[in-house]
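Here the sequence shown is numbered in our numbering, starting from -14 and rising by one per residue.
If you are wondering where the hints come from, they were derived from the structure by calculation, not from laboratory data. Take the hints with a grain of salt, since some may be wrong.
Unchecked claim - Derived DSS-like pairs: lysine-lysine, alpha-carbon spacing no greater than 30 Å straight-line:
#1 92 x 159
#2 140 x 159
#3 15 x 79
#4 91 x 117
#5 159 x 231
#6 159 x 229
#7 136 x 159
#8 77 x 180
#9 231 x 56
#10 73 x 140
#11 140 x 77
#12 31 x 149
#13 92 x 79
#14 85 x 159
#15 15 x 31
#16 15 x 34
#17 224 x 33
#18 149 x 159
#19 243 x 92
#20 136 x 85
#21 56 x 85
#22 229 x 243
#23 117 x 243
#24 34 x 56
#25 187 x 77
#26 140 x 91
#27 56 x 91
#28 140 x 180
#29 31 x 229
#30 78 x 136
#31 37 x 136
#32 91 x 159
If you're wondering where the values come from, they're calculated on a predicted model, not measured in any experiment.
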Amino acid sequence: MIRIRQFIEYLFLLFFYYLLSLLPVATGSKITGYMCMLIFMSLSRKRKKRLKGQLRTYMNLTERESHQCAKLIYYHFGQNMAELAMIKTMLKKKNFSCPKLPNQDKKGNIYVAAHFSNWEVTGIPSYQSGQKTACVYRHINNPFIDRFVLKRRSKIFTGGCYEKFNVTAMDLAKLINNNINIALVCDERRFNGIKIDFLGHKAYCNTVPALLARRTGADIYTIRANRERNSNYTFVIDKIDMGKNKDKDNTILNVTAKINNIYSNWILSNPSEWWLWNHEKWKQKNEE
């Protein structure tokens, strides 16, 4: 019964995708954005309440401001969905203005993004530079839709797409040592990470980039996609200074803190709706 429901959902997605494909990307992106905003603001009351509560607590927004911000968060999320579905068209239309990527010196680089703006397109600079980059992703519960999305991600990430719970740090290290970049989205809560300040409050943060860099000697870069008008994008890429501390724990702590400080600056320097606030970043272990 579940599979039948999932297949029906998939058919609906295909029909909607066909309608979108008849429109310019920017128009389809806006339509999907408004639809997503209406659906989540109307139906997902528990999630909306949690999201608005986090905005009030960690961004000091009023009830009215948090409500407006929540609408925009869901709107931008809908845009991301449409743009990923139409990524082939966007590549043909050259919607991306990419900086020159750092060289791969017999070793892949580590690129870390956040759920900020459209994180799905952060592999575009390496794709256009001809560098192989592998991504780590979290699967969608509907296997039919998951394959649909994975097919589009695979167009960008030519080094392979690896499911989050089926890949190890050792697997990623092998890819780096084989001159393949690794792309990671690292702003979600991770209880086996370390606690550091995030927007002025303690939160569990992902240490995988620092661990991989320490193990392989690869460089770490943060990458952010900036959405411009009409679904065009520019990118900002910054190198993380690993420092010269020989102590493993201090190195991992310092590098992880630097990455999350950059994430915090992204959120604070831009309207807060550009970050996907759905994640319960500050949740503690004893709250599970």
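*Against the structure, test the hints numbered earlier, and report the numbers of the ones violated in rising order.*
Hints 8, 9, 17, 21, 25, 27, 28, 29, 31 are the ones this structure does not satisfy, whereas the remaining hints hold.
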